[in-house]
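J.: Chain by chain, the residues run as shown.
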Amino acid sequence: MADAVFLAISVLTIGSAIAALEIRSMIYGSIALMVTLAGVAGFFLLLDAPFVAMFQISVYVGSIAVLILFTVMLVRRELIFNKIEDPRRRYAGIGLMIVIMLGIGTIIIGSGIKSMEVDAPAVDFREIGKDFLTYYSPALVVMGLILASAVIGALTLARREDVTDEQRTD
Amino acid sequence: MLQMSNELIEFVLVSVALLAIGIYGLAVKRNAIRMLFAIEMIVNAANLNIVAFSRFIPNSQGQTLALFSIAIAAAEVAVGLALIIVAYRMYKNIDIADFRSLKG
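Protein sequence lines, in the order shown, are assigned to chains A and B.
Using my numbering, the letters of the first sequence correspond one by one to residues 1 to 170.
Using my numbering, the letters of the second sequence correspond one by one to residues 1 to 104.
No lab work stands behind these hints, which were simulated from the structure alone.
Here a beta-carbon is modelled for each residue, glycine too, at the ideal position from N, C-alpha and C.
Mixed in with the good hints, there may be bad ones.
[Stated by the list, open to error] Straight line, CA to CA, 25 Å or less: simulated DMTMM-like cross-link-like pairs of lysine to aspartate or glutamate:
id: 1; chain 1: A; residue 1: K114; chain 2: A; residue 2: D3
id: 2; chain 1: B; residue 1: K92; chain 2: A; residue 2: D3
id: 3; chain 1: B; residue 1: K92; chain 2: A; residue 2: E22
id: 4; chain 1: B; residue 1: K92; chain 2: B; residue 2: E76
id: 5; chain 1: B; residue 1: K92; chain 2: A; residue 2: E161
id: 6; chain 1: A; residue 1: K114; chain 2: B; residue 2: E7
id: 7; chain 1: B; residue 1: K92; chain 2: A; residue 2: E85
id: 8; chain 1: A; residue 1: K114; chain 2: B; residue 2: E10
id: 9; chain 1: B; residue 1: K92; chain 2: A; residue 2: D119
id: 10; chain 1: A; residue 1: K130; chain 2: A; residue 2: D119
[Said to hold, decoys possible] Here are some of the chain A residues that sit facing chain B, going by a computed Cβ distance under 8 Å:
id: 11; residue: L12
id: 12; residue: I23
id: 13; residue: I27
id: 14; residue: G29
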C-alpha cells in the first residue's frame with residue numbers, strides 16, 4: 001500500500017503538472033514545471049536512486065527551469081498572459097487524456113506487474129559510477145559531444161544576425 | 001536506505017498520468033513554450049518508468065539509461081528554446097499557428 005510520502009509527492013507532481021499547463025501566466029507556469037520536476041526527483045529518492053535524483057535536481061530544476069524562465073521573460077508581456085486555444089480542441093484534448101489514462105491504466109492494472117515484489121537490496125550508486133567510467137565510457141564521451149554540439153548549435157541559432165531584431169522598440 | 005513500502009504499479013500509474021497530461025498539453029496548446037513544458041513532462045514520465053522498473057527487477061542499467069536520458073533531454077531543451085527565440089524574432093509571436101513559412 002502506498003504510504004503518505006508517496007501520496008503527497010504524487011499529488012504535488014500531478015497537480016503542478018496540470019498547473020504548469022493551465023495557469024494563465026507562463027512565469028508561474030514555469031515555476032510549476034519546476035515543482036513537477038522536483039517531484040519526479042522525489043520519486044527517484046523513493047525508488048532508492050539518489051544519484052539519479054540529484055542529477056535530476058541539478059540538471060532539470062537547476063538549469064533547464066532557469067533557461068525556460070529566461071526565455072519566458074524574453075517574450076513580450078501580453079504574449080505571456082495570452083491564452084490561445086480552440087475550445088473544441090480543448091475538449092477533444094481532455095477526452096484524449098482521459099482515454100489514454102483509462103486505456104493504459106486498465107492494461108497495466110490487468111497485467112501481471114502488480115505481483116512484482118522487491119526483496120533485493122537497492123543498487124549501490126558507486127556501481128553506477130563504475131559502470132559509467134568502464135563499460136559505458138564510449139557512450140559517455142558521445143553524450144558529452146552531443147551536449148557540446150547542442151549548446152553550440154543553440155548559441156549559433158540564437159545569435160543569428162540575419163533575422164530581424166526589432167523587439168527592443170516595443 | 002528507505003524502507004520500500006510502495007509497489008511498482010503505483011509508480012507506473014503516476015507515470016501514465018504524467019504522460020497523459022503531457023499528451024493533452026501537446027495536443028491542445030498552441031503556445032510553443034507550453035508545448036515544450038508538455039514534452040518535458042513526457043520525458044520525465046519515461047524516466048520515472050525506467051527507474052521504477054530498474055528498482056524492481058533489480059539492476060543498475062536502468063539508472064544508467066535514465067542518467068543518459070536526462071542529459072539528452074537537457075540538450076533537446078537548449079536547442080528547442082533557441083529555435084523558439086529565433087522564431088519569436090522572426091514572427092514576433094510564439095503561437096505555433098503563426099510559424100508558417102515552411103507551409104507550401
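J.: Looking at the structure, which of the earlier hints fail to hold?
T.: Violated hints: 2, 9, 11, 12, 13; rest satisfied.
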